[in-house]
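> Chain A is already provided as a structure; the job is to place chain B on it using the hints.
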Amino acid sequence: MNAILLAASLLAAPTVIDNVRVETGTTIIESATVIIDQGRVLSITPNKPASSATPQAGRSNATSTAAPAGQTSGAGNGTATQAGYSNGAATQAGHGNGAPTQAGYSNSAATQAGYSNGAATQAGHGNSVATQAGHINGAGKVLTAGLIETRSQLGVAEVLLEQESVDSTLKDAPFSPAFRVCDGFNPLSVRLPIARAGGITSVVVSPEGGVISGTGCWVDLVGTLASRPDASKPLAMFGGITSRDASRMGDGGGARGGTWLAIRQILDDARLHRRSGGRPLERMMSLSSLQLEALYPVLDGKLPLVLTAHRATDILAALELAKAEKLRLVIAGASEGWLVAAKLKEARVPVIIQPSEQLPYDFDQLNARDDLPALLERAGVTVILTTGLADEQNARRLRLEAGLAVANGMSREAALRAITSTPAEVFDHPAQGSLEPGKRADLVLWSGDPFETSTLAERVWIEGNPMSLDNRQRQLADRYLREHD
Amino acid sequence: MRSYLSLAVLCTLACASSGNQGTKRALLPPAMTPTPPGDMPVTKPAPPPVLIKNATVMTAAGAIHSPGHVLIRDGRIAAVGAGDLAAPAGARVVDGKGMVVTPGIIDTHSHMGVYPMPAADAHQDGNEATAPTTPEVWAEHGIWPQDPAIARAAAHGVTTVQVLPGSANLIGGRSSTIKLKPATTARAMRFPGAPQGLKMACGENPKRVYGEKGRSPQTRMGDIAGFRAAFQSAIEYRRKWQAYERDLEDYKNNEKSDGEDAPDPPDRDIGLDTLTAMMDGKILLHIHCYRADDMQNLLDVAQEFGFRIRSFHHAVEAYKLARRLADENVAVSTWADWWGFKMEAFDGIPYNAALIAAAKGRPIMHSDSSSEVRYLPQQAAKARAAGESLGLKLSDDEVLRWVTANAAWALGIDGQTGTLEVGKMGDVVLWSTSPFSIYAKTKLVLIDGEVIYEDGKPIRPTDFELGTSAIDRTGTKRDPEVKL
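In the order they appear, the protein sequences are chains A and B.
Each residue of the first sequence is one higher than the one before, starting from 1 at the first, in the numbering used here.
Each residue of the second sequence is one higher than the one before, starting from 1 at the first, in the numbering used here.
Looking at chain B on its own, in the form it has when it is part of the complex:
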């Protein structure tokens, strides 16, 4: 087998959404470089400009303008600041008096689409629980775009989520960061340019799932051994490819003189492609890990094999390791007050996020729930109230970052969204009042400048929902007896 595979190939194979496939690809026969399709091109015309004025504008970038304005044009934030702004021609002007504007809410931990509603055995597509390490699977391939939870989350101001495989496996597979715009396929929902994530899980879940099957891991010892074995395989795999690249280079340099066959490339392993891409920093690592000592063990594995952990999820004990996590620049996705449903969640406390913030770490409120995703700012507010009862001071901007900018950083999309700054995507929410209030209602939700939800207008039903409700959200009534 002769080919001109280069080192860039590994990234090409692994970084499906990087869009950075270079020029070498064109030189190679397609069959030699199987590459998953990239982001779908946006074909819609840009939505008309929207100017929100007279509102309190919380940027999540330090500034709060009250009153202030935000202009969204060509799908991006074109202006943001204090006071008024003249509306450009053709702009829709929204008077936000008494209301609050924030960046779109981002959830780092969702199973929407892979565990959709209504619960159906046929739609349980989130855990490939057939082996403890399945880095070869992608959440994107399990997402049912018709999940009614998606539009409901968007109506509550959520613009971006990371859909992850479940936590049955030590290494569950690749995550997909999606925008909550209605679409017929998950690929069409992809957040353009977002790196994929890799989902791993430590602690109880993998050892329970496989222990019950009489397989490893059955203990936390087995958990860590499983990770180390997988990463050792990845290192050896990478070594083979590196050796091949060297041989190929030598061959190319000597080709004319000795006339031997070119070296054969090593067998490709789809799962190890994922692991090596993560180790090279092209896929971001998110680990479901509750306990401080479990997190420490994973930090040790990361050090041993030379990779970085982007964030821990469900990290209810992060407060016990807050300084270390801050020093390592590992983000912490947690809940406000879930705790105790299993032993590794027993030490979960409402003060967790505030203690992480106090240690100069990066707290994030995540949901892991198609219900909870709708109330992330309120969760942040509860966590703040708990922190303040300890005497910790937290600003509005800081707490807003827990559900916007910090989440964007964890997903590697902070250059594109997560704050209200000029040039970022037009992912913007107008709230009836402070988004931290239990009474907050969304008035307007924009994704890429497009109105996804507007108060008083029905949520667009998914295909599944058409005709399945007694009164569907388009107002169609199927039973004349039913009264509202």
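Chain A extracted, bound-state conformation:
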């Protein structure tokens, strides 16, 4: 939470989205009224007897919504106690652009007195966090939590082939636990508004390359300097044990055993370094003090260790290491994860996977299958979906990755959770990623099914604030559209 956003959300009047289809990841409400206030979701009120339908997966839950009022709110403005969204709804005196001050909105009733559809389609240019209070007719549209991309180089890699614009990778440094990729994060990256226009509201910025690459951080895609993350508060440690990572090791020789030897050595050094408490060490350390200290929270099982691994045996080896060292492991990649799904489930290790990329790209992935997300879901594994495991970054495709997972058998609800609430939970941001009363209002209003190719994000809110959907690409289109006229 930053000062600018806090100020904006305090000024903003409630926003009412009516007649909208709500998809929460556990429930689908065909038509509801959703009220956003003080940066949070105040209420979700079904407009008619809860009729839910799941167009694709056919798994429907009829109950209206989940958690009761009074969610814990980390950001301090938790005044929005709800009277249960089933009957609480707002009467909004002024329709349109006015920002009526409303007393006691939490108890009032939403008279749906035919307000117009005039809730401006957000062609608004500029980055203003204008308070756009009022009614929005959500008829025919779908509201979800904002999407969360967990493997992102947004803000740390502008143009991959231009080294000066890339801050995501340390060259020739296969073990750099103290590397904080977010030291290089630029919230003014031209890529941020483009990702946001695709419905992404938060990303996990992660380092690339190496066996232990360094730490990443959580970033909300507000795109202001004030939203710059604190790189000294790492979110997770990242690394990789694919054959590609191993072959980058140099002295490791590329053998898998060499990778594991190096990892064991570094963990052992970190433990010894810590025990020494600053006293002279009895032997040479493999890494510098800062590097080893960065591993302490990993050894404590506090900081997640996200390891990219595809081959079933590599995943098993990682699970064994995590068990022996009591690490908090997350597996990314996991093309062969379905072969060891029961083990992943038993160890409660989440996986981050990219549905569109299940191909036998290399010898680690010979058992890749398109129905990987469905197989993992069925086995009870915690699944996160990503766009970020391919060579190139295109976070706005995240919703389509979820759609492909559904096309290949994953349930619609799990697919939505896998790009919203699950990454928020796994990466310790439980106030985000859920469309629930009391949770942060990071929301997207979609023109239709959020997973479908023909759908566009029409509105995006971060902490209740409407975000501009304008971006450089739209500006280029507008310029050349005019020139053709």
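One or more hints might be untrue.
[Said to hold, decoys possible] In silico contact screen, one side only, chain B against chain A (beta carbon under 7 Å); selected entries:
| # | residue |
| --- | --- |
| 1 | Ala119 |
| 2 | His123 |
| 3 | Tyr319 |
| 4 | Phe341 |
| 5 | Lys342 |
| 6 | Tyr351 |
| 7 | Ser389 |
| 8 | Ile438 |
| 9 | Ser469 |
| 10 | Ala470 |
Read the hints as simulated data drawn from the structure, not as lab findings.
Idealized CB from N, CA, C, for every residue including glycine.
What follows is chain B alone, placed relative to chain A:
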């Protein structure tokens, strides 16, 4: 050296797949006219007829029949239209109720086979990056037919692709248009009668690859100079052959009177054969070119040396040059939303295809990816949605053409495939729903009327894949512990 080479020889040498080698060849000793083998004859018996009925039939030729039917017989489309059709004897009848039929999907830009899976150093056969101009090489000679990506693409409704050499070189070599039927050799996969293509690349890649080696091209200036030098060589080469043909003609006319030796033919240059054949329109030119100004420079080179560009690929800035490209009848292969991985891709926008369509150009969704190739109709749908957000109206038929008919035109095979019209090849896909939907699954994929993929049946593993999987796609399980 005496021979009776004629002007037709140049084409004979250059147009390997034209199948139009005329009668003169028979008059010449084989050693004098080395000619690469042509298309392999089809020896299989024609597959049984297939009638798909009760489906929405999207022809990519203007009409959408709902409900409609398609009959595929003797490997070709025998009937297509609205309503029902009586099934001919022996036909397999498929009820396509609620489903959609389209022509087979065509990808103009693939490296399947030349950069196959799994990544192996030994299989990197797509870039002869030893010199910036290598018109003498053929993609067909680098294709590993066992690439597991090929059958996967076919299972997603892709029936034809153009396999191109990579973009390290200004002039990368000849492309090969293949049908995605399982085969033991690339030549057996050749699209019969398809012209070959010539792959060229402008902009960053050649200048990076050779600049790093301290060689030309190191700049865009060097790129263009390299093209011009190559085409000047081709013109001089053609001139030598033309002079020779004239001398030979004179010799034949005067032979009896003066008794001199016949003129010797000029040395043959395999690479210049490719360039002259392209300049003569017998090989179609496809240029990897991102930026509008790079495209303009290549259009200028084409004008200078008198040849035509069939299509630009990766043309993410085509929208800046849309009218010019439409006027020149140059097709535009692009992506829906890839952009920004390098500077020349920085201005790539999702609205590109729609803006080209609005300028009456010829947009195409291509993949350049063994993964993306599987989702070309969905890419087209995204590009359409972007265009419609600008207020541009695009019909289902128009958008389908971006992955079928337009691609067929770019490859010079539009007379044979790319639409559902009577007489065309039986390259047909039955989809569970609109192919533009993210949820679309193929139910049936036919190539030349032959069932290549059918929902619920395993994809035929390539030789490489046999025995390399824990549970291979024939259902063989190698580890009893593994559960599905």
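> Are the hints correct? Go through all of them and say.
Status of each hint after checking the structure:
Look at Ala119 of chain B: its Cβ gets to within about 5 Å of chain A, closer than 7 Å, so that hint holds up. Of the supplied interface hints, the one on His123 of chain B is violated, with its beta-carbon coming no nearer than about 11 Å to a beta-carbon of chain A, more than 7 Å. Of the supplied interface hints, the one on Tyr319 of chain B holds, with its beta-carbon coming within about 5 Å of a beta-carbon of chain A, less than 7 Å. This hint holds: Phe341 of chain B has a C-beta 5 Å from the nearest C-beta of chain A, less than the 7 Å allowed.
Proximity of Lys342 of chain B to chain A holds as hinted, the smallest CB-CB distance being about 4 Å (cut-off 7 Å). The closest approach between the C-beta of Tyr351 of chain B and any C-beta of chain A is roughly 4 Å, which is under the 7 Å cut-off, so the hint is satisfied. A distance limit of 7 Å between C-beta atoms decides the matter here; for Ser389 of chain B the minimum to chain A is near 6 Å, and the interface restraint holds. The interface hint given for Ile438 of chain B is met, as the beta carbon of that residue sits about 3 Å from the closest beta carbon of chain A, less than 7 Å.
Given hint, Ser469 of chain B at the interface with chain A, holds; its Cβ is 5 Å from that chain's nearest Cβ, closer than 7 Å. A hinted interface residue such as Ala470 of chain B counts as satisfied when its beta carbon comes closer than 7 Å to some beta carbon of chain A; here the least separation is about 5 Å, so the hint holds.
When the structure is compared with the earlier hints, a violation turns up for hint 2 alone.
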